[in-house]
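Quick note, the sequences are listed as chains A and B, same order. Residue 1 is where the first sequence starts when you use the numbering used here, and the numbers rise one by one after that. Residue 1001 is where the second sequence starts when you use the numbering used here, and the numbers rise one by one after that.
A portion of the hints provided could be inaccurate.
[Claimed, not checked] Sample of chain A residues lacking proximity to chain B, with all beta carbon distances greater than 12 Å (derived):
| id | residue |
| --- | --- |
| 1 | P4 |
| 2 | R112 |
| 3 | S177 |
[What the hints assert, rightly or not] If you want the footprint, here are the derived chain B segments under chain A, 3+ residues with CB under 8 Å:
| id | segment |
| --- | --- |
| 4 | 1010-1019 |
| 5 | 1070-1083 |
[As the list claims (entries may be wrong)] Simulated crosslink set (SDA-like; lysine to any residue; CA at most 20 Å straight-line):
| id | chain 1 | residue 1 | chain 2 | residue 2 |
| --- | --- | --- | --- | --- |
| 6 | B | K1075 | A | T45 |
| 7 | A | K77 | B | M1083 |
| 8 | B | K1019 | A | E95 |
| 9 | B | K1019 | A | L91 |
| 10 | B | K1075 | A | L129 |
| 11 | B | K1075 | B | L1162 |
| 12 | B | K1019 | A | A131 |
| 13 | B | K1075 | A | V54 |
| 14 | B | K1075 | A | R135 |
| 15 | B | K1019 | A | G89 |
| 16 | B | K1075 | A | L91 |
| 17 | B | K1075 | A | E84 |
| 18 | B | K1019 | A | D128 |
| 19 | B | K1019 | A | A132 |
| 20 | A | K207 | A | D14 |
| 21 | A | K77 | B | N1079 |
| 22 | A | K77 | B | R1081 |
| 23 | B | K1075 | A | E95 |
| 24 | A | K77 | B | L1221 |
| 25 | B | K1075 | B | E1020 |
| 26 | A | K207 | A | I224 |
| 27 | A | K10 | A | D68 |
| 28 | B | K1075 | A | A131 |
| 29 | A | K176 | A | D164 |
| 30 | A | K27 | A | Q209 |
| 31 | A | K77 | B | M1086 |
| 32 | B | K1075 | B | R1157 |
| 33 | B | K1019 | A | N90 |
| 34 | A | K77 | B | E1222 |
| 35 | B | K1075 | A | G89 |
| 36 | B | K1075 | A | S55 |
| 37 | B | K1075 | A | N90 |
| 38 | B | K1019 | A | T92 |
| 39 | B | K1075 | A | T92 |
Just so you know, these hints were derived from the structure itself, not from any lab. Yeah, the Cβ is synthetic: ideal placement off N, Cα and C, and Gly gets one too.
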Amino acid sequence: MAVPALHLEKVSKDFGRIIALRNIDLKVEPGEFLSILGRNGAGKTTLLNIISGVSRPSSGSVQLFGTDPGDRENKAKLAVISHEMFLYGNLTALENLEYYGRMYSVNDLEQRIKTVLHEVELTHRRFDLVAAFSRGMTQRLTIARAILHQPSLLLLDEPFTGLDQQAIGMLIDLLKSQKELGRTILLTTHDLHTAKVLSERYIILEKHQIMQDGLMTETNPDEIRKKYFSPLEKAEMS
Amino acid sequence: MRTAFSILQKDLRMEFRSKESILAMWIFSLLIFVIFNFTFEVSRLVMLEIAPGLLWVAFIFSGMFGLNHSFAVEKEDGNLRSMALMPVDGGQIYLGKFLSVTIIMLMFEFLIFPIFIIFYDLQLSFQMFLLIPVILAGTIGFTSLGTILSAVAVHTRNQQILLSLLLWPLVSPIIIWSVNLTGMVLGGGEIGAVFFPLLIRVAAFDVIFFTIAYMLFDFILED
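Based on the sequences and whatever the hints tell you, model everything.
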């Protein structure tokens, strides 16, 4: 039997008296695209932090490709894209990618950088400082940085926040191509429409636990909105 | 070593591009020297007594700025988190940050020292070369401890206050000994039997601080 890309058993996390996650059981197969939905403060980011090994669970076990998420081998298979850019404004796009490439020991780095810059359409801006980039361009470079080492697992923490329509379209296309390449992808978002376009499966985090785990094909977005989101979030989504 | 070198290269490249740390440190130290030079009208002998302390006040207060800046840059846009996600040894990240902070601080010290000599009218002599190991040892002690504590403090809202509170009690022996050693050299008299054992003591503390910080840095990166 194939080892799941991700396996969480009874994972809980608290910060003192504040409970962030409670008894999370989750299994994600390789190549699967899972959307994690939920209100602000439901525990989506905490869950991704635990999966990425940056944060340890208070109880329960987490396995990434059958081993501990903190293992160096696992870290090399992982990429995170969030509203934080993970880029240095005072370096050029090329220098940023060279730095990340060296940290991830990317083979044939020069060629790989050319490829990813071409994919995100930033080849012509490679010698420019990132500080001079627009939000959309910075996010495109963030994507280039994330896929530079060809990760097996992509964790996306509300990556569409603050993007213009063009950048959103480009990110969706890129995620589709990553999915076709067989990468396992976990996406946290409020945007049900995008989640439905991209992923085949979803979970809903509510009150720090998984309230629903289902397939997108069997889902009525309106029902989910009505049941789990606040009026403000509903307005944002529609 | 490749990881540490990549971080060092990245930090130095950013510093040379912006000159943010070195310039701010240099101006701050210059202010200290100017203010003390023109405020107190004392004899040369008294000046020789207070000069070593003044030099280290300038080094350390400016160094605090360098330390704060080094990790503030990493905190921007989540780069500290991205470091925790990288498949590299935390010790190597520490080594890279330590080297960059130390090199920047040594460069600033090299640039400010001639100003210090001029302002306080100090006589140049061969004995002054002994200041090289003294400044090197004192600076390394300060930065080895400061680098890890700065990484701890950067997670908090009151980063600068916390760094000072954590750093001063631990680093003060090294600073006091470095001031004493500098005083012995600047005094111009014969270097006594105390000098080298004291210098070795500072170096020993450097090794201890560096080793502990190198081993602990993985835990600092975790949430």
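Structure-based check of each hint:
1. P4: holds, 21 Å
2. R112: holds, 16 Å
3. S177: holds, 23 Å
4. 1010-1019: holds (count 5)
5. 1070-1083: holds (count 7)
6. B:K1075 x A:T45: Holds, because 18 Å separates the two Cα atoms, which is no more than 20 Å.
7. A:K77 x B:M1083: OK: K77 (chain A) and M1083 (chain B) at ~15 Å, within 20 Å.
8. B:K1019 x A:E95: Distance of about 18 Å is within 20 Å: holds.
9. B:K1019 x A:L91: Distance ~13 Å between K1019 (chain B) and L91 (chain A) Cα, so the pair holds.
10. B:K1075 x A:L129: holds, 18 Å
11. B:K1075 x B:L1162: holds, 16 Å
12. B:K1019 x A:A131: holds, 16 Å
13. B:K1075 x A:V54: holds, 15 Å
14. B:K1075 x A:R135: With Cα atoms ~18 Å apart, K1075 (chain B) and R135 (chain A) stay inside 20 Å; holds.
15. B:K1019 x A:G89: Answer holds: K1019 (chain B) to G89 (chain A) is near 14 Å, not above 20 Å.
16. B:K1075 x A:L91: holds, 15 Å
17. B:K1075 x A:E84: OK: K1075 (chain B) and E84 (chain A) at ~10 Å, within 20 Å.
18. B:K1019 x A:D128: holds, 18 Å
19. B:K1019 x A:A132: Holds, because 18 Å separates the two Cα atoms, which is no more than 20 Å.
20. A:K207 x A:D14: holds, 13 Å
21. A:K77 x B:N1079: The given pair, whose Cα atoms are some 18 Å apart, holds under the 20 Å limit.
22. A:K77 x B:R1081: holds, 16 Å
23. B:K1075 x A:E95: Between K1075 (chain B) and E95 (chain A) the Cα gap is close to 19 Å, so the pair holds against 20 Å.
24. A:K77 x B:L1221: holds, 19 Å
25. B:K1075 x B:E1020: holds, 16 Å
26. A:K207 x A:I224: Satisfied, since the Cα-Cα distance of roughly 15 Å is no more than 20 Å.
27. A:K10 x A:D68: OK: K10 (chain A) and D68 (chain A) at ~15 Å, within 20 Å.
28. B:K1075 x A:A131: With Cα atoms ~15 Å apart, K1075 (chain B) and A131 (chain A) stay inside 20 Å; holds.
29. A:K176 x A:D164: Satisfied, since the Cα-Cα distance of roughly 18 Å is no more than 20 Å.
30. A:K27 x A:Q209: holds, 14 Å
31. A:K77 x B:M1086: holds, 10 Å
32. B:K1075 x B:R1157: holds, 12 Å
33. B:K1019 x A:N90: holds, 11 Å
34. A:K77 x B:E1222: holds, 18 Å
35. B:K1075 x A:G89: Roughly 12 Å separates the two Cα atoms, so the pair holds.
36. B:K1075 x A:S55: holds, 17 Å
37. B:K1075 x A:N90: Distance of about 14 Å is within 20 Å: holds.
38. B:K1019 x A:T92: holds, 16 Å
39. B:K1075 x A:T92: holds, 18 Å
Every hint, counting from the list given before, is met by this structure.
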